[in-house]
Amino acid sequence: MRITTSMIFSHIASSLQKNTEEYAHLNERLATGKKINRISEDVSGSVNALGYRLDISINDQYKRNIDKTNIQLDYTTKILDSVSNSLINLHELAAMGNNAQSEDKRMFYSKQAADWRDYFLSLSNSKLDGKFIFSGNKTDKQTFVYNSVTGKYDYQGDNGEINILIDKEASVVMNIQGSRAFSISLTEPLPATLSDGTPISFTQAKDPLTGVNTITVEIGNSGDPDYDTFTFSSIMDIANIMSYAWKYSDINGSSLNSDPEVAEKMALHRIAALAKPIDDARVQTTGIQSEIGARQIVLNDQSKRLSSSTLVMQNTLTKIEDADMTETATELLKTQTALEALRASASKIISQSLLDFLK
Amino acid sequence: MYLLSLFNIGKSTIFTSQTALNVTSHNIANVNTPGFSRQEAILEVSTPIAIRGGFVGSGVNVGQIRRHYDNFIQSQLLGQYQNYGRSTALENAFSQIEQIFNEAKNMGLSVPLSDFFNSWQDLSTNPEGQTQRTVLLQKTESFVIAAKRMERGITENLNNLNQQISNIVDHINNIASQIAELNERIMSSEGSLNTGQANDLRDQRQNLLNELGQLVESSSYEEPDGSINISVGMKSLVYKSEYNVLSVKVDEEGDREIYLENSNITFQINKGQIGGIISARDTIQNNQLKGLRRLIASLIKEINLIHQSGYGLDGSTGNDFFNPLDLSFGNFSSGAGITGSITNLSQLTLDEYEITFDGSGNYHVLNKDTNAEVATGAYISGNPINFEGISVTITGAVNSNDKFSVSPLTNVIQNFGTSISDYRKIAASGSFAGLPGDNTNALNIIKLAEENLSELGGKTFTEFYKGIVSDVAKLTSSASDSLTFDAKLLEEISMRRESISGVSLEEEAANLIKYQRAFEAGARIIKVTDELLQTVINL
Chain V
1 MRITTSMIFS
11 HIASSLQKNT
21 EEYAHLNERL
31 ATGKKINRIS
41 EDVSGSVNAL
51 GYRLDISIND
61 QYKRNIDKTN
71 IQLDYTTKIL
81 DSVSNSLINL
91 HELAAMGNNA
101 QSEDKRMFYS
111 KQAADWRDYF
121 LSLSNSKLDG
131 KFIFSGNKTD
141 KQTFVYNSVT
151 GKYDYQGDNG
161 EINILIDKEA
171 SVVMNIQGSR
181 AFSISLTEPL
191 PATLSDGTPI
201 SFTQAKDPLT
211 GVNTITVEIG
221 NSGDPDYDTF
231 TFSSIMDIAN
241 IMSYAWKYSD
251 INGSSLNSDP
261 EVAEKMALHR
271 IAALAKPIDD
281 ARVQTTGIQS
291 EIGARQIVLN
301 DQSKRLSSST
311 LVMQNTLTKI
321 EDADMTETAT
331 ELLKTQTALE
341 ALRASASKII
351 SQSLLDFLK
Chain S
1 MYLLSLFNIG
11 KSTIFTSQTA
21 LNVTSHNIAN
31 VNTPGFSRQE
41 AILEVSTPIA
51 IRGGFVGSGV
61 NVGQIRRHYD
71 NFIQSQLLGQ
81 YQNYGRSTAL
91 ENAFSQIEQI
101 FNEAKNMGLS
111 VPLSDFFNSW
121 QDLSTNPEGQ
131 TQRTVLLQKT
141 ESFVIAAKRM
151 ERGITENLNN
161 LNQQISNIVD
171 HINNIASQIA
181 ELNERIMSSE
191 GSLNTGQAND
201 LRDQRQNLLN
211 ELGQLVESSS
221 YEEPDGSINI
231 SVGMKSLVYK
241 SEYNVLSVKV
251 DEEGDREIYL
261 ENSNITFQIN
271 KGQIGGIISA
281 RDTIQNNQLK
291 GLRRLIASLI
301 KEINLIHQSG
311 YGLDGSTGND
321 FFNPLDLSFG
331 NFSSGAGITG
341 SITNLSQLTL
351 DEYEITFDGS
361 GNYHVLNKDT
371 NAEVATGAYI
381 SGNPINFEGI
391 SVTITGAVNS
401 NDKFSVSPLT
411 NVIQNFGTSI
421 SDYRKIAASG
431 SFAGLPGDNT
441 NALNIIKLAE
451 ENLSELGGKT
461 FTEFYKGIVS
471 DVAKLTSSAS
481 DSLTFDAKLL
491 EEISMRRESI
501 SGVSLEEEAA
511 NLIKYQRAFE
521 AGARIIKVTD
531 ELLQTVINL
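From first to last, the protein sequence lines are chains V and S. Throughout the first sequence, residue numbering follows the working numbering, covering 1 to 359 in sequence. Throughout the second sequence, residue numbering follows the working numbering, covering 1 to 539 in sequence.
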C-alpha cells in the first residue's frame, strides 16, 4: 500500500484521539467510582440495576412500616401488661366478696376498685403519636368515656383494623381494638351457681359494629327478694360495679336494697359473680398479648428477610454498577503508557522527511 | 538542421521538466488540502522525425496532467459518508435523550415514582397524620415536576431536531448551487480547451459531493460532458448547471417534512444526517415521548379511579387526586368542528384515535394503536359518537377528505398536577365510617404499584418505565456502536483513497530532484549544442 504524508498524520491523530477518549473514560470511572455512567454503556446491567434500586427502595419502605408497627405493638403490649397485672389485684378484691367484711374494709375495697377502674380507663385511652390506639379507625375519638346517664363506660371506637403492608402481598394488623382489649367475652363453661348455691346466669350480646360484648348477669330466681341483675361491657364497668357493690349500692349510687341484710347479700353475690369475668379478662388479655407476640415474630422475621434481601441486592448492584478501582487504576496506567509511547513514536515519525536530507 | 534540432530537444527537456516541477510543487503545496488528488505530469516521447534509414527522436513533451483518482473507491467513500452522517445524527439525538432517562445517575422518573408510592405507604401507617399527608403532596409535586422536566427535555430535543432539518436543508441547497456552478465550469473548461480534465475543479466538486453525502442520502452519476447529476429521493437535485431547491414544510403534527419538486420525499431519505434525524425524531416521538405520556396518563387514570372511591379526612369523597385526563383534538377538516369528553374513565384505553369519513356519509373511528375500527355509523351532524369511554360530537358538513384525531395523551403531562391542595382531602379511608384511622383506600393505591395494567400492555408502572429506559439504552448503545463502526469504516476507505490520491512528501522530494536533474541535463544539452555551433561557426 502506498503510504502518503497525510495518512501518517491522520493515523497519528486518530490514534491519539482514541487513546485520549479511553483515558477520559477511565478517568470518569475513577472519579465517579461507577462502571456504568450512562445507561447505554451496559443496557441489561443498567436496567437490572434500576430494578434492584427500586426493590431496595420498596424494601426500605417495608422496613419503615415494620418499625412503625412494632412501636405501636410494643406500646400496646406494655399497656396490656399493666391491664393484666391490675386484673390480678381486682380479682383479689373480688375474692374478698366470699365473706362479709367490716365497713372500714368495704370502704377501702370500694376505693381500691374505683382506683383500678380509673386506671383501666386511662390505660384504655392511651395515645400514641396523638392517636387513641384502642379506638379502631376512630383514632381521633377518646376510646372509652363515662356515660353519666347509664353509669357505664361507652366505647367510642369501632371494630376497624389498621393493616400495614410489610411485603407486596403480606400485611400485619397494627392495632388492637378497645372492644377486644377492654371488653370481655366469657369462656365456657359458665358457672350455673355461686359458691353458696345461688343460681347465676350470664348472657352475652356482641355488637357487630363495635365488637363490644355486653354481658347481662342474673343472680337468683326472678321473684326472689335478693334477685339481682346487672350488665357490664368493659373492665371499667366491672371495677365500677365492684366499687359500688362494696358500698352495697348500685352504679347509680342508690342502695341495692332497702333491707340492709338483703343488700349485703346481693352485694356479696355481685362481687363473687364478677370473679369469673375478671378471670376471663385476664386470660383474654394474655391471649391478645401472645397474639401481638406472634405478630411481632412475623414482623421481625420479615424485617430480617428484607434486610438480607436488600444486602444481596446491594451486593449485586455493586457488582453491576461499581467500578473495580484497582482494575480501573491499572487500566488508566496502561492507557497512559500507551499514550506516551504513541506520542514518542509520533514525534519520531513526524520529524523524518527526505527533504531533511536533501541539502 | 540536425544540430539545431538538438536545441529543440534541450528546450523540450527544460520545458517538460519545468512543467513536471510545477506539478510536483502544486502537489507539495496541497499536501494538506482536504480532498486534493495528487497530480502527475505524464511525459511522452515527441513525434520522431523520419530520416533516411529510420527515425530520429525529437525530445519529450507533457502528454497530460493526470489526476490520481479511483472512481470505485470514491463511490464507496460517498456511500460511507451517507452512513456516517446517519450514524452521527442518531448518536447525537439519542445521547441527548439518554441523559433525560439516565437512571445510572438517578436522573429519570424511577426515584420520584417510588418516592410517590412510598409516601402513600407512610400515609397508610398513619392515615390521619398531617405530616404524612403534607409529605405525600410534596412528593407528588416533585414527581409532577420530574415528569414535566422529562417531557420538556424530550420536546426540546424534538424541536431541536426539527430545527436541524431546516438548517441542513439550507446547507444542502447551498451545496447544490455550488455543484451546479462547478458543473458549468467543468463542462466549459473541459469542452472548450480539450486539454483533458479540470482536475482541481473536479476535486472541489468531489469535496462538495462528500459533504452532501454526509447530509443527505443521494445518488449521483457523471455525464459524458463531465457534469454530475444528483438526485435525492428519486427527484432531481442537480442537473448539469441547474438545481432544484429543497424545501421544508410543517406537517399536521408539527413535524418538518422535506419537499423536492413539490413531492414529499421525507420518508425516502434514510441515510445522511437528515435520514438519521428523521429516524431519531420519529422513534423518540413514538416510543419515548408517547411512552412517558402513556405512563403518566395511566397513573392519573388508575389513581383517580381509586381515589374517587375513598374518603378524605373532611368526609369528602369522589375527589380526583390528579387533574383529570382530558382529550385533545386535531381538526383536519374543511370547516366542521369537534368537541368531546371522557365519559367513562375506567373504559379508557389511553389509545389515540382517528375519525374519517367515507363517500357514503359514514364515519369511521380507528384506534391508531390497535389499528382496529372501534365505531362506525351514518354521520349526522351534532350526534355524539361513542367509543371506548370517549364521546365526541362533530358538527358541520364533512367530506371524505376530512379527518379528526382524538388523543387523551397529547396534553397529559402539560396538564399533569395534583388536583387537591387541601391535605385533608387525600382519600386514605375506604369508607366514611372508617374515618380517620382507616387506611384501606391508601392500601388500594399502594397495591396499584404492583398491578399489571392492560393500558400498559399488561405491565406495572415500574416495568413499563423500565421498558422505556431499556429502549433508550438499547437505541443509544446501538447508535453509538454504529457510529464507531461507520467512523472506522470511513477512516479505512479514506485511507484507501488517500493511498491512491494523497500526496507523499518523500515521493515529491524525490521527483523534485529527478526533474531538477533533468532540467540541468537539458540545459547542458543546449550548452553543448551551442559549443558545437561555435565550433562550426569558427571553421
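It is possible that some hints are incorrect.
[As the list claims (entries may be wrong)] Below, simulated SDA-like cross-link-like pairs (lysine to any residue); rule was C-alpha separation at most 20 Å, straight line:
hint, chain 1, residue 1, chain 2, residue 2
1, V, Lys68, S, Met107
2, V, Lys168, S, Val111
3, V, Lys141, S, Asp314
4, V, Lys63, S, Val135
5, V, Lys141, S, Gln130
6, S, Lys474, V, Asn37
7, V, Lys18, S, Lys488
8, V, Lys63, V, Lys168
9, V, Lys18, S, Asp481
10, V, Lys35, S, Met107
11, S, Lys488, V, Arg64
12, S, Lys447, V, Arg64
Hint data in this document are derived by calculation from the structure and do not stem from the laboratory.
Hint-by-hint comparison with the structure:
no. : hint                : result
1   : V/Lys68 x S/Met107  : violated, 30 Å
2   : V/Lys168 x S/Val111 : holds, 19 Å
3   : V/Lys141 x S/Asp314 : holds, 15 Å
4   : V/Lys63 x S/Val135  : holds, 18 Å
5   : V/Lys141 x S/Gln130 : holds, 17 Å
6   : S/Lys474 x V/Asn37  : holds, 15 Å
7   : V/Lys18 x S/Lys488  : holds, 11 Å
8   : V/Lys63 x V/Lys168  : holds, 12 Å
9   : V/Lys18 x S/Asp481  : holds, 15 Å
10  : V/Lys35 x S/Met107  : holds, 17 Å
11  : S/Lys488 x V/Arg64  : violated, 53 Å
12  : S/Lys447 x V/Arg64  : holds, 17 Å
The structure fails hints 1, 11 (numbered hints given earlier, in ascending order).
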